[in-house]
Amino acid sequence: MSLQPIRAPKELGSVDYYTSGHRTCAGCGPAIGYRLATKAAGPKTVLLGPTGCMYVANGHQFLTSPYAVPWFHTQLGGGGAAGIGTAAAFRALISKGKRRREEVNVLVYGGDGGFADIGYAGLSMALTYDYQRLLYILYDNESYANTGIQASSTTPWGATTTFTPTGKVKRIGNERMKKNVALTIAAHPGVRYVATSALYPPMDLANKVRKALNSGGPAFIQVLTPCPKGWFFDPKHTITLSRLAVETGAWALWEYEEGTFSLTYKPPKRRGLRDYMRMQGRFTHLSDEDIERLDRMIEEQWKLWLESDRQGRLILPWTPPPTPL
Amino acid sequence: MAIPEYERLTWAVVHCRGVLHTAHGANLVRTLATAGMVAGKESYYYMRYDDSPERDNVPMIFYAVMGDPKVDVVLHEEVEPVGKLFDAVVVMDSSLLLHRTSQRALILDGTKEDAVLVVNTSLPPERVLEIVGERQLAHDWRGSLVNIRARTYDPEIAYPLLGALAKAWNGIRIEDIIGALELLGKGEKASVVEEAYRDAEPIRVFLRAGERALGRLELPEARGWWDLETYRAYQAAAAGARTYEERMMAMPRWEVLAPGLIEFGPTPGEKNIGFTTSFERYLRPKVDKGKCTDCKLCYHYCPDGAMGFEAIVDLNYCTGCGICAEVCPVKAITMVGEWEAEKGLREEELLTIEEALREYMY
Chain L
400 MSLQPIRAPK ELGSVDYYTS GHRTCAGCGP AIGYRLATKA AGPKTVLLGP
450 TGCMYVANGH QFLTSPYAVP WFHTQLGGGG AAGIGTAAAF RALISKGKRR
500 REEVNVLVYG GDGGFADIGY AGLSMALTYD YQRLLYILYD NESYANTGIQ
550 ASSTTPWGAT TTFTPTGKVK RIGNERMKKN VALTIAAHPG VRYVATSALY
600 PPMDLANKVR KALNSGGPAF IQVLTPCPKG WFFDPKHTIT LSRLAVETGA
650 WALWEYEEGT FSLTYKPPKR RGLRDYMRMQ GRFTHLSDED IERLDRMIEE
700 QWKLWLESDR QGRLILPWTP PPTPL
Chain C
7 MAIPEYERLT WAVVHCRGVL HTAHGANLVR TLATAGMVAG KESYYYMRYD
57 DSPERDNVPM IFYAVMGDPK VDVVLHEEVE PVGKLFDAVV VMDSSLLLHR
107 TSQRALILDG TKEDAVLVVN TSLPPERVLE IVGERQLAHD WRGSLVNIRA
157 RTYDPEIAYP LLGALAKAWN GIRIEDIIGA LELLGKGEKA SVVEEAYRDA
207 EPIRVFLRAG ERALGRLELP EARGWWDLET YRAYQAAAAG ARTYEERMMA
257 MPRWEVLAPG LIEFGPTPGE KNIGFTTSFE RYLRPKVDKG KCTDCKLCYH
307 YCPDGAMGFE AIVDLNYCTG CGICAEVCPV KAITMVGEWE AEKGLREEEL
357 LTIEEALREY MY
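Protein chains in written order, with our numbering: chain L, 400 to 724; chain C, 7 to 368.
Keep in mind that the hints were calculated from the coordinates and are not lab data.
It is possible that part of the hints are untrue.
[To be verified] Computed cross-link-like contacts, EDC-like style, restricted to lysine to aspartate or glutamate with a CA-CA straight-line distance of at most 16 Å:
{"hint": "1", "chain 1": "L", "residue 1": "K409", "chain 2": "C", "residue 2": "D300"}
{"hint": "2", "chain 1": "C", "residue 1": "K76", "chain 2": "C", "residue 2": "E48"}
{"hint": "3", "chain 1": "C", "residue 1": "K302", "chain 2": "L", "residue 2": "E410"}
{"hint": "4", "chain 1": "L", "residue 1": "K665", "chain 2": "L", "residue 2": "E699"}
{"hint": "5", "chain 1": "L", "residue 1": "K409", "chain 2": "C", "residue 2": "E48"}
[Claimed, not checked] Reference excerpt, derived from the structure (chain C facing chain L, CB under 10 Å, subset only):
{"hint": "6", "residue": "A8"}
{"hint": "7", "residue": "P10"}
{"hint": "8", "residue": "K47"}
{"hint": "9", "residue": "F92"}
{"hint": "10", "residue": "S108"}
{"hint": "11", "residue": "G230"}
{"hint": "12", "residue": "A239"}
{"hint": "13", "residue": "Y240"}
{"hint": "14", "residue": "P272"}
{"hint": "15", "residue": "R287"}
{"hint": "16", "residue": "E332"}
{"hint": "17", "residue": "T358"}
{"hint": "18", "residue": "E360"}
Quantities reported herein were computed from a predicted structural model and do not represent experimental measurements.
The beta carbon of each residue, even a glycine, is placed where N, CA and C say it ideally should be.
Construct the entire structure; sequences and hints are all you get.
Structural data, given as structure tokens:
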């Protein structure tokens, strides 16, 4: 695997390892992320994943599947354990001489249910091991989209879900703040590479996957993938929303490599959060003041992100929640 | 498996698209089942995801079942009915007629020979019949067809469709539907139903299936465990299946998969030939090669891998989401309607996702 960063989309190649023929929604963001990540990882990869859209919608189509590399569907809480188990099996077989010595990537691609809520303990445990080429990718569509949009711990403040509907009694949908899973993973001393990513800039995810797999230890990437069904938008806007999330600063792209923090995308001039929020049906009930308050909160957070970037050290970008107490 | 006693029940089936029509389909079958109750029958309605969980644009099915209380039939909960059962079929989006749906394959699969077909469309009946004869026929069909422009009557398309259905189908009476609307607190919709009932013009049809009639599905013989060739033959059979039953039959037998139900996937560079996804599409991209700068953004941003490396669209897999047209920096890709691209016809009754979201108040 080349260590050169991919600059143009043309360089990523034309062979898919997560191919056509799956029943995801039209305009599925996680599917785009899966295609880019598997393409960057290459043919010597084992794909694993805890239950979620990417396994329920993709596997077992009349006993067919779109995966062109070996894959395994784990229990909802079992993504972390399955990852270290597979990596341990490869290590044992190779060290006993029962398998050719080669570098095999183990890529676990799980949702926010599989990695941020239910499978979080397993993920946390797995990242204390020292297996190489073991990469956990959390595709964050900010809800349990597979079962009909229930709130998870990564659902942002204000979003309407079936667990947190907006109404006359509780005007604001989800009153909990979005958990930044990547920050908590950065607190694991054994993990070599932690990053957040999005579908925009185009080759950001592919480059981070390559970097993570070559980091020499377990790695973790949280990628924000818009979900047309859960965020209530026209499927054609999947990439537009990724771009807006990054350009408005709602989602910060950074990487943390053995103690060194850096932002990988700094919006030259941060766009107002309104552009991003007003495109999504799940935020329709929020008033302009609510969005203004969130915007100010993100402004404060970005001061801390930029300070972290300047120092090369991680400062928790904590701000008071926008819910009036 | 076909259950013979289901033939003693009255079945109506609604074909629609996930998220776009979920509320409309539910309204329709709920009203229909309530009308059955008003008429003194025992009735039940349920949603059978044509494709497991409901997803944007994916074909979805609702059933309404009615039976005489004296007839003792056990209806297994949320069953996938198999056999020649359905008396009435409602299609909420006419672009569903252009492709095989994901699970039931043909719209007229499972219908009786004299079934009533109600289509929400602005197209003339002869063009609809043409496409039904060409793509949706599993057996001879000598029933009736009603084309109705449901959205022009009422944004809630369930009610005009109910009026048209009552006119063409003797399984339910208009008075019962109006009674049901009152029971459900939707009395104000009675005028819409009556208007559609008055205007609907059912036509008698006779279409012969001919060569497309269902024959025996040719299935390969498993020669042993882990037999890749047989597995591929099963996949090809599944892709060509015309009914739900055939789809199920074309699942590879366990000997081919054993041990541990391990599937043979595609090899790198291939696609999943056993499952195509054109049924999700009501729009399709048109690429203007003259403008294309070969930046590959549409290729990498296609969730279904339908856009080729050389910007050639694989229509077996394209779901018509429109991301390619949106990300193209030089606007070389435009989205055109499916009817327009295939038959040069403009469908005005198409409910786009933008409008659907507006109806959900977003």
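Hints, one by one, checked against the model:
| no. | hint | verdict |
| --- | --- | --- |
| 1 | L:K409 to C:D300 | holds, 8 Å |
| 2 | C:K76 to C:E48 | holds, 9 Å |
| 3 | C:K302 to L:E410 | holds, 10 Å |
| 4 | L:K665 to L:E699 | holds, 15 Å |
| 5 | L:K409 to C:E48 | violated, 62 Å |
| 6 | A8 | violated, 19 Å |
| 7 | P10 | violated, 26 Å |
| 8 | K47 | violated, 31 Å |
| 9 | F92 | violated, 22 Å |
| 10 | S108 | holds, 7 Å |
| 11 | G230 | violated, 17 Å |
| 12 | A239 | violated, 13 Å |
| 13 | Y240 | holds, 8 Å |
| 14 | P272 | holds, 5 Å |
| 15 | R287 | holds, 8 Å |
| 16 | E332 | holds, 5 Å |
| 17 | T358 | holds, 8 Å |
| 18 | E360 | holds, 5 Å |
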